[in-house]
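Q: Listed below, chain by chain, are the residues.
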Amino acid sequence: MAAWDLSVTVEDLGSDALPVTVSVTSDLHVGGVILKLVEKTQIKRDWSDHALWWEQKQQWLLRTAWTLEKYGVHADARLLFMPQHKPLKLGLPNGITLRLRASFSCPAFQTVIGICRILNIRHPEELSLLRPVEEKKKKKDKDLAQDIYDLTEVPLSSVSQSCLYNGMPAHFVGSPQMEAIYKMLSVTQPPPAPEVIAKQYRPASVVDKAHINGRWLDSSRCLMQQGIQENDRLWLRFKYFAFYDIEPKYDVVRLTQLYEQARWAILLEDIDCTEEEMMLFGALQYHISKVAQSEPQMLSTNAAMDDLDSALQSLEVKMVGESSSASELLENMTAPELNDYLKIFRPKRLTLKGYKQYWFKFQDTSISYFKSKEESIGEPIQQINLKGCEVAPDINVAAQKFLIRLLIPAPEGMNEVYLRCENEQQYAQWMAACRLASKGKSLADSSFQSEIQSIRSFLAMQKTNSHGNAPASDESINTHSLVSPRYHKKYKPKQLTPRILDAYQNVAQLSLTDAVMRFLQIWQALPDFGLSYVVVRFKGSRKDEVLGIAPNRLIRIDLGVGDVVKTWRYNNMKQWNVNWDIRQVAIEFEGNVNIAFSCVTADCKIVHEFIGGYIFMSTRSREKSDTLNAELFHKLTGGHEAL
Amino acid sequence: MEQVSDDELDHGAEEDSDKEDQDLDKMFGAWLGELDKLTQSLDDGRPQKALQKPPLRQETNMANFSYRFSMYNINEALNQGDTVDLDALMADLCSIEQELNTISKPNSSSRSQNKGQQFNVLHFLINPTLGSTSSGSVNARPAASNISLDDITSQLEKASLSMDEAARQTSSSSSSSSRTGSVGAVSEQEAPSQRSSVNSACASASSMDSLDTDKVLTGGEEEQAAKLKAEKIRVALEKIKEAQVKKLVIRVHMSDESSKTMMVDERQTVRQVLDSLLDKSHCGYSPDWSLVETITELQMERIFEDHENLVENLLNWTRDSHNKLMFIERIEKYALFKNPQNYLLGRKETSEMADRNKEALLEECFCGGSVSVPEIEGVLWLKEDGKKSWKKRYFLLRASGIYYVPKGKAKASRDLVCFLQLDHVNVYYGQDYRSKYKAPTDYCLALKHPQIQKKSQYIKYLCCDDVRTLHQWVNGIRIAKYGKQLYVNYQEAMKRTEAAYDWSSLSTASIRSGSSSASIPESQSNHSGHSDSGVDTGSSHGRSQSVVSSIFSEAWKRGTQIEENTKV
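One line per chain: the protein sequences are A and B, in this order.
For the first sequence, the tail end lands on 644 under this note's numbering, and the numbers increase by one without skipping.
For the second sequence, the tail end lands on 1020 under this note's numbering, and the numbers increase by one without skipping.
FYI, nobody ran anything at the bench for these hints, they're computed from the structure.
There could be a bad hint or two in this list.
Once the Cα atoms are required to be at most 25 Å apart in a straight line, the calculated DSS-like pairs of lysine-lysine come out as [what the hints assert, rightly or not]: (1) A/Lys-490 / B/Lys-947; (2) A/Lys-388 / A/Lys-362; (3) B/Lys-912 / B/Lys-790; (4) A/Lys-491 / B/Lys-861; (5) B/Lys-936 / B/Lys-947; (6) B/Lys-863 / A/Lys-544; (7) A/Lys-440 / B/Lys-912.
Ranges between beta-carbon positions, derived for each pair [stated by the list, open to error]: (8) B/Arg-782 / A/Ser-622: 50 to 58 Å; (9) B/Glu-764 / A/Glu-376: 43 to 51 Å; (10) B/His-774 / A/Gly-379: 51 to 59 Å.
Partial pick of chain B residues on the chain A-facing surface, computed with a CB cut under 8 Å [claimed, not checked]: (11) Thr-802; (12) Ser-803; (13) Lys-810; (14) Tyr-846; (15) Leu-868.
Note that CB positions come from ideal geometry on N, CA and C, so glycine has one too.
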């Protein structure tokens, strides 16, 4: 067979270097070409990750046993010899950019799996890669400074998910830099400065939101085929809002990043919520950032809890501890109480004008008050049981106003009572007692001290807020960092603090994990949760409409009214087809309902992938095995490539 | 858990009350007279009692009294001369017992914190009955009762004897038969306390049962030493708690205008009370049986959710309340789960759905990471505060509460005004608000804090255009408020129903193990949980009967002693 010259550009020789020419025959297999090529370069190194990329055809020649003839490679082919894994700048949900090596040769779906393995995120099928929104060139220098997290040195072979050392995947253990990266991945970021939130791009309408979804990479094709170059920037995001089997013990990174994505979605009003919900989200963010800072040991304790024996031991200790405290309690019978002079005001009673001072006693879950300390042995003037009541703060640190507003249910309705405290110290104690009592807990409850602490820290926050716009540091958080820019305009931090404090009292006792989970739950309970929008044109319609794709249904939104006009559930879906020639998606539902539409803001492959992806996600619960059925995913999302 | 004891008590009670119905009635009347006298003497002896205190300002509600109960209900029960089962009797006797103890120990008036509370409670239980005897129709009887006092005593003793006998037949097996290996130790330790002071008999009896059943749940799973130790400690803690358990005598109205008086434990859930009522009333099992709270004064009612604590809810009633507790079949209780498509999809029209899809829909709604509250929205009428006029507003239900769209705004989330958050309120069906409040339709719902019992600006009234909308809203609010718990309740109720068809005789302990095990009844009693019902019910029967009897005899012994003492 006749030999001919094949010229191959070897990337490792530099961009100016001339192509290397090797003499080949058509029946030479690709592996043989590579062997000749390597010999000719005379560079000794590990070439195992390298492969040939055929530029004209936008195709990798990965099957080394195939001959050139089989691939159809002729002398005019422009081939590139380069590594399959290349560094990529990856924007994480928490806003931080990471450099790591990702596969440019396998389908993006597999690339994401690889990335998630490095980052220790379970269920990579829920994530995907997104082309970022173009940023202004001005900030270039800042970006470089930001890019400090480098994972490119991680040897790909050493990555295994299964074993944890010290609560971290093995490849993070060792150097302080690597441990710092893991900390960045697994610990929530402090609240962003209000200016940062204000500067970020915020979608103003449902059409804006739809444009984002045009940026998802095709998960069936590799990065090279999609024009991604080495060191390009991509975002890693949760794409399918069906989070399967979240297990805080194993999902530290996954939960953290999910929380970050949810937090940013709230802060940037990517998803709509009411003012009350925003305050609760704010309170949870405040709580999470506070606990995250005070709980740096969380990882190692988690690792320790892996051990069943130690877990059992700690249970035993706990039980013993509880019993001793209970028996002590019974022996002593002196339940803790608070005693002090406070002022009381009842807005409804005409007989009492303004605040009157009495000697107050807080015992169990009730407040009683007496004329004076001396008379406290006798009958109280009144006794109020706070169980089930509503407690609200009314404070102004600058004006030294410390009011506790109580709304006490009674058969006749709710009674309003104000208690006025003299100072922070007193307020923190009585407020904490009131809150516990409203939940039916007495002062003896173990959470009393921590409740006092959290009230104090919130007071401290208000104090710093009143002295101008303090930057977000660990102790004081500007409340504007916790809400979307809309509320920056509506409220001053000073006005916002009591509202967030109000919501905060219901979550102050949560552990870090519980608080994150609560945040995610409330996020998931929002009506618009999980909707990815695409502008489409329905068959036979003359105007653009929006298709919302949710984990369980499709909705059709009229752009003029902004209302949902129709809902279709996947449960009733019989089949869906894509006509790749006219790029139209057709779906058939039970009961002879047929819809068809073409996509305007995203390729129909993206819509196809969304629908197929969600159907794939819903099959997971039925499959007991933990391994990912990638084949099924490709079948459902691949389109004609999968055939 | 505790319904095991109450249940069995009732089986015992019924056997007796069936044949001794009239005797008992007579007995009870006489006994009431006796009580009347007793209290008079008590009053003389201890004028300083908590209950005789000048009432504190009433708005302080129940700070001092840990107990409130509708006098009206008890009153009515007595006036009607209904058969009052032994349950009620026993509770009353228990409280007398306590009272007697306080008298015999004069020092106890300077009560320690904890004891005092406990007495207050029991005190209160008995007191409504006392009040009614002095004011009600029984008033005329004391004279007669004096004569028959001996009769009663002997009758009671006879009754207790027969019960003792019944107990003995089974008790031999009961004290030694332990349901699991590890429980054995516990129940045997407990055994002596049966015979010890009556004071604790009542409490320990139910504690035993609860402990046993608790064990059944966990027992057998782990045999580790650590677990065992922890369990023991828990048992000890449980006992400590047990000493302070409150009980309440309640009257339950049946659908046929009759009523039943029974005692409930403060820890019992509505499901447990329902189960024991179902066991007693032989009305067939259906998940639709409900306990309905009717607030007469406000013309509203609510079906208690199965997981709710009954006593806690009843304690919200005022003392003179005319509220009623009904035991009745209500299809709307679980209609949500039978036809989820009509409630969860936010559609206006009813529709049919294949069972397979219903299940998938419920799964999707209740079994995900978070419960998805149905998107319910639309125009409702809102009653204006203090007026009989109703205003139209566009309301929306969200997981975080009920919102409305302010005038002149679109319904974007951020502009919504929060009407109510659901943490502190319950949802009630309004009854006949068309005439009471001039409501536009009869399909009204009300939202209020459970403690509010009288007209108040804090009660919110909403009116729907049709009954379907009403049910959608009420069920939507229930989902938003209780979330997955509702579904769990339903599944639990269905399990009970299925089990009822599988089993001819029911013991509550064995039901809990689920229907899967129901087909393989095991005869050995030292198998956890799934043991054959015959052996187990028998043993607990015996135990509780012996407890009842010992309470009777002890109480009467003491009663007569006091009587003698005061005479001297």
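Q: Work down the list of hints and note, for each, if the structure agrees.
A: For each hint, the structure was consulted:
1. A/Lys-490 / B/Lys-947: violated, 54 Å
2. A/Lys-388 / A/Lys-362: holds, 16 Å
3. B/Lys-912 / B/Lys-790: Distance of about 29 Å is beyond 25 Å: violated.
4. A/Lys-491 / B/Lys-861: holds, 17 Å
5. B/Lys-936 / B/Lys-947: holds, 17 Å
6. B/Lys-863 / A/Lys-544: Since the Cα atoms of B/Lys-863 and A/Lys-544 sit roughly 23 Å apart, the hinted pair holds (cutoff 25 Å).
7. A/Lys-440 / B/Lys-912: Since the Cα atoms of A/Lys-440 and B/Lys-912 sit roughly 23 Å apart, the hinted pair holds (cutoff 25 Å).
8. B/Arg-782 / A/Ser-622: 50 to 58 Å: 33 Å Cβ-Cβ, so the 50 to 58 Å window is violated.
9. B/Glu-764 / A/Glu-376: 43 to 51 Å: Check failed, 34 Å falls outside 43 to 51 Å.
10. B/His-774 / A/Gly-379: 51 to 59 Å: violated, 36 Å
11. Thr-802: Check failed: Cβ of B/Thr-802 comes no nearer than 16 Å to chain A, outside 8 Å.
12. Ser-803: violated, 10 Å
13. Lys-810: With Cβ-Cβ at 10 Å, over 8 Å, it is violated.
14. Tyr-846: Since chain A brings no Cβ nearer than about 13 Å to B/Tyr-846, farther than 8 Å, the hint is violated.
15. Leu-868: holds, 5 Å
In summary, the numbered hints that this structure violates are 1, 3, 8, 9, 10, 11, 12, 13 and 14.
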